[in-house]
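Undergrad: Each protein sequence line maps, in turn, to chains R and F. Mapping to the numbering used here: the first sequence position 375 is 375, numbers consecutive. Mapping to the numbering used here: the second sequence position 145 is 632, numbers consecutive.
Treat the hints loosely; a few may be bogus.
[Said to hold, decoys possible] The calculated lysine to aspartate or glutamate pairs, modelled on EDC-like cross-linking and capped at a C-alpha distance of 20 angstroms, are: (1) F:K577 / R:E448; (2) F:K610 / R:D449; (3) R:K446 / F:D609; (4) R:K447 / R:E434; (5) F:K608 / R:E448; (6) R:K446 / F:D718; (7) F:K608 / R:E483; (8) R:K464 / F:D596.
Calculated directly from the structure, the hints in this document are not laboratory data.
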Amino acid sequence: MNEKNKEQVIDKNINKVLEDNSDLKEIINDIDYKYGFVTDVENVYDTGKGLNEDVVKKISNYKNEPDWMLDLRLKAYSHFKKAKDPKWGPDLSDINYDEYTYYIKSSKAVEKSWDDVPKEIKDTFDKIGIPEAEKKYLAGVSTQFESEVVYHNNLKELEDLGVIFCDTDTAVKKYPDLVKKYFGKIVPYSDNKFAALNTAVWSGGSFIYVPKGVKVEKPLQSYFRINSELMGQFERTLIIVDEGASVHYVEGCTAPIYSKDSLHAAVVEIFIHKNASCRYSTVQNWSNNIVNLVTKRAICYDNALMEWIDGNVGSALNMKYPACVLAGNGAKGVTISIAFASTNQYQDTGAKMIHLAPNTSSKIISKSICREGGVVNYRGKVKIGKEASHSNSHIECDTIILDNLSKSDTIPHNEVNNKTSRIEHEATVSKVSEDQLFYLMSRGIKKEDALQMIVMGFIEPFAKELPMEYAVELNRLIQLNMEGAIG
Amino acid sequence: MKLVIKDLHVNVETKENVENNKTTSIEILKGVNLELNTGEMHAIMGPNGTGKSTLASVIMGDPRYIVTQGEITLDGEDVLTMSVDERSRKGIFLAMQYPNEIQGITNSDFIKSAMQVRLGKDKHISLFKFIKEMEKSVSELKMNSDLPHRYINEGFSGGEKKRNEILQMKMLKPNFAILDEIDSGLDVDALKIVGENVDAMKGENFCSLIITHYQRLLDYINVDHVHIMVDGRIVLSGGKELIQKIDQEGYDWIKAELGIDPKINQEYLTRSVSLGSCALNTNNSEKK
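Isolated chain F, as found in the complex:
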């Protein structure tokens, strides 16, 4: 399968001030081009505030972002016109940076529902197989065995939430998994566990797009494509050698070599705290 992003421009609306309810549109992605094929493992690196997480959210269909130009296609099919749930059922997955807490629904019921919806009305998940698989995945991620019975992310530590995202990925077996800073909030041991589990997903039907600004996670995941994103564009693509270079030299060399100033979009960063009205849960907005 092939996921292609062409000349993608994306805006976010921010409230200028609360009183007059006026909104301003800020462009965050300024023409992103990217091609992902199953069987490949990609990483996107770059300084904070350059649009990496925005790209992840837009591929999944987060309603807070407005695509102003460009296209995303999955095997030629227009992804941008698909609803969020449809994208998921077609094989796109987003491991979120700030996963939501939802009371009263157990992880197990949630994941089961998500698996069932992929089967359609006529087929049913074998409960026995589901439980076995869930137990196996939970233990591979070294999570507590009571996890299936706990409510979705409720009372989870930051690290537990991230592992829970990976658990869902393992259970749902997407074709394209976008991992949005899955390494933030993980300690060294957890980082290793998460990294190894992601790496184990590798295969001809799987492609991962790993968003990170540290190389640590990539010690455990063997990626073959590395992209560097600066100021809303992918400015450089290459292989693993880029990881090391960033690790050793940071991002300053990009300016020298490419003539691009990897400045952080300060305007976006300061305003993003009051993202559009839909962002009820402000800790889910892209503040950093």
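The following block holds chain R by itself, in its conformation from the complex:
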């Protein structure tokens, strides 16, 4: 089979195999959200509330996009109108799509240096500590503020390596061939309702291309932040790791609080070519009035490796199931995730591993915590196809329920379609053991701290995979979420 045919077969398989994603129900908005500050930013341009063909055209027109992207948006929009909510998972029937603003532009151009970034926006970033983080660590910052990337700084060394790291809008203009080739190929708009919505109104997001053989050593990083009431956030991220290359991308987000609900429907597509590897780390901490319906999917060719390090702490309703399509011989997929649900939160998260080629392997480690009436579900799918001989998958789902008000379900869907492969699934659900609490307290540690230690220990397999500063931030978030957790 030549490469082209092979890709077509794979594409067909993918479409057949993946039916997916996304979410929501009525949300509650009286949440004490610790990062709930609002910066007064003058919005430069917005499309007003509601969604119709005109809005889609306006967005495209405003962005000065080529016709092919407008066509794609319109096709996606017409699909979105027909598309139904997923038949499973949380009830999403209460989302009123006319209540959201689908595009807001807050800054006229992509700023090149920090000095050029408007002051209000800087103030917001200062509050979440971006400049410091950047100085220390970042190989490049692309910070999504409302719908548009306002600050983007590509370090020269990245450019020298031939790595492209920019916002996706810029990529459409500067690298149309690359974007055309990959955009919507692993997450087509027909995949699910929210992929269609995203494709119709997407804005911002990161575009990364790592050329053959280039290993990017420092993580590439971006912060996302929603800063306008009822504004949808529909970023589109596209990562291409060419043969033998490797990259680590870190996405972080915090969002201010608003009295109304906000909708977030991102799409992330990752292509990992032969012998290449990609790691995508994120700690999602949307404020607790946000509905987060995300489609994240990677395709791995021969001997490629994809790792999703996926933390879910925020949102009112979160549906996210990072997927790896293991399409090449020897490809490997890993998802390590945590989900933390507190009062008025519904985390429906998990992972998908679709094995389509021989000798593929996958691993899922999922850690769930719920307290104070939060609901946290693991929902996962592992499918080892007929062609995927000698493959294996290992799944571990552990849950801690901190009180009697909270709920958790494990909903795995595991399927092996050949005789040489196997899936191992382990699941535990536990309460915090009184004995463990007694043990820690008998050394002088206060009850709330002991409880926190046990929870931090529980999610340690996840935390240790994060870059240091994110691990520290996660720590702080969990601490905030655990306050008053003694029962």
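Following the hints, put chain F in place on chain R, whose structure we already have.
TA: Relative to chain R, chain F alone:
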């Protein structure tokens, strides 16, 4: 400092059967009196199932036990109303018979947190000093040097867990250390190491209450007070000579001399397997 136990009565609730959720209360300690002063080394001996471990757990504040009568005071302060962590910060320490395993937290972080909480918010442990001290203690206990980086007791052998308890004691430097059958599960060499390390803690600010039913451990720890516990009471107190007597004659002579039947509380032993609902980890209950 002075830790005084007066007329202590303690019950444990056991589930009669799982279906009807009915609980029965069984009295395990039936009036214990004991006075411990820093500078002294005490041992409590006695047959199985007479309440020695219960006494240890109650002093620390194990929530599975219910004090029905009597008092425990530390320099006159009521210990029974203190939370477990407060007792620890006031200087009470319990080396447990079945130490818990806790994933994801390293021994080093755990011990550091426990030391930090004693200093309060304004002072901080010097990291350098902490590491030095930890290394020294680990080597004195002849433990593997990777111990600080391992998770609390996770995957430890029985002997390693016991040594880890002693390590924590050395680092936290309590005033009153209760060692609950720290010798069980230790081989001859480990017994010597643990014994010598405990003995080395001796000093004017330290008091140890060593619970054991063999004299072996006491070959290495020089105790000055020995108490014999039978059926929920301390029936005899004396000096080192009691150790030898028990070693040679067992406990039968107690019956003859004191007119007390040192029978094991069979009822408690058979029921204790299903200790109260809090005892999620049944191997931590007092079954023997």
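Undergrad: Check the structure against each numbered hint from earlier and tell me which ones fail, lowest number first.
TA: 6
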